[in-house]
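Those protein sequence lines, which keep their order, are chains A and B.
Going by my numbering, the first residue of the first sequence is number 1, and it counts up by one from there.
Going by my numbering, the first residue of the second sequence is number 1001, and it counts up by one from there.
What the hints contain is simulated information worked out from the structure, not anything from laboratory work.
One thing to keep in mind: the hints can contain errors.
Some but not every residue of chain A turned toward chain B, in silico, with C-beta under 8 Å [what the hints assert, rightly or not]:
hint	residue
1	39
2	41
3	45
4	71
5	77
6	89
7	112
Sample of chain A residues at the chain B side, in silico, Cβ under 7 Å [to be verified]:
hint	residue
8	49
9	69
10	76
11	91
12	95
13	97
All residues carry an ideal CB built from backbone N, CA and C; glycine is no exception.
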Amino acid sequence: MSERIIAAPVIDPSTQSFWDAAREGRLMLGLCRDTGRHFFYPRGASPFTLSPNVELVPASGFGTIYSYTVMRVAEPYACAYVELAEGPRIFTNIVDCAFEDIRIGMKVRVVFKPTRDAEGAAGAPVPMFAPA
Amino acid sequence: MSLRGRACIVGAFEHPTRKAPDKSVAQLHAEVAFGALQDAGLTKADVDGYFCAGDAPGMGPLAMADYLGLDRLSHVDSTDIGGSSYLAHVAHAAAAIALGRCNIALITLAGRPRSEGQATGTGARAQNPTVPDDPFEIPMGRTVAGSYALCAMRHMHEFGTTSEDLAWIKVAASQHAQHNPHAMLKKPVTVEEVVNSPMVADPLHRLDCCVISDGGGALIVARPEIARSLKRPVVTVRGTGESIKGQFGGYPDLTFSGARFSGARAFAEAGVTPADIRYASIYDSFTITVLIQLEDLGFCAKGEGGRFVRDGNLISGVGRLPFNTDGGGLCNNHPANRGGMTKVIEAVRQLRGEAHPAVQVPDCGLALAHGTGGLLGHRHGSATLIMERE
């Protein structure tokens, strides 16, 4: 597989702590304290209640593939929704795996992949998933 | 208040161009506006309502009303739910007319992604730092084709839908497009040709994707008394519905679309059922879009879409539900990467009895048009319109 350049996420004050954790190799999820449900992507209001009573909590980093596709572009890559053990299905990539081995239901674990911004500088790493 | 019978579509025009390198987007808006007014037998001076969406340059109505010389507007609306916007605009125009805020509304769409060389389906997009989902999805290589492919893959997994099933949708569209002199792809294709075309985003092949075209379209919506005073067949708005479907915190179910909600609302307002519909314009950015929407609109049960579209069931004169008789986005035209406008226009042609004779549904009295805008597998808008010939 050829190496494609992954675009650095644009970070704002409301998502800074998520990306700070990513730099330490930790995947975080939003948690709605009112309902006890996890959510993704993180935000300052619960998508279940709209209450600001939310916090960022660590995820186990394990999940299963809910759906996937292989983008057949010059440098192909595999997009997927991974259903995390905590519940949310997050849009990500499947990496470190031959495309033909990817299956719905496959168990995966998070790996962080480096990114670069438009000037070529290193950005925060992004959570992708490899076979567990 | 029900919108049933409160407004009529009195003018419809589809730009014949499919490639317009020498025209501006604003100019295309003007050309389709003029065409729709001519079709209705009206003039610019009659227009007191104007509707446009994100394809319109500038701040939408501000730039466009000025450019078009719409100097008598008492109502404007720039609702943007992607390619489904224009179906919602018809409903919003009907509501505005019912409330007395305007009498004759113009809706325009135009764009030139083909001349601009856009890789609409597979190209990477830049992050907009104010859009909250962008930093979590754009670095992952989110694309239009990929988003729809994720839905197709899951549908196949849960229901056993096959690539051959999806191919039948393209085959039906191509059977219709051969009669449309303006269609980009006029040559009928076979199931084998579709499934053997290059893979774009598994399991979607190149021929599962719509065309990329320049062009546009416009509609005129008017008060029923005005519609009856004009010389054209009267097409009445009977039912309308809208919805937005997102991930809502990371819980997407990729097997259904917002059509489940917008369709139910439109059928309830219209007081009819899917079995009553004689012709359907179904948004066809990809073959999977059609299949999922047909299920969600109630033309068949969830998971039965593959069986429903097989063996030419969508081909006019052959199957039970003639769809996209202009060739649709899959073969005819997808101006500005937004197919909702042309969905309404072909439904109006069918209800007027003005579709191509080879694809005209005999005595077509009740038609449905449905659109999906945005990304089916991420977040999208849906709008459904049921229309009848008076």
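Any hints this thing doesn't respect? Which numbers, in order? 3, 7, 8, 10, 12, 13
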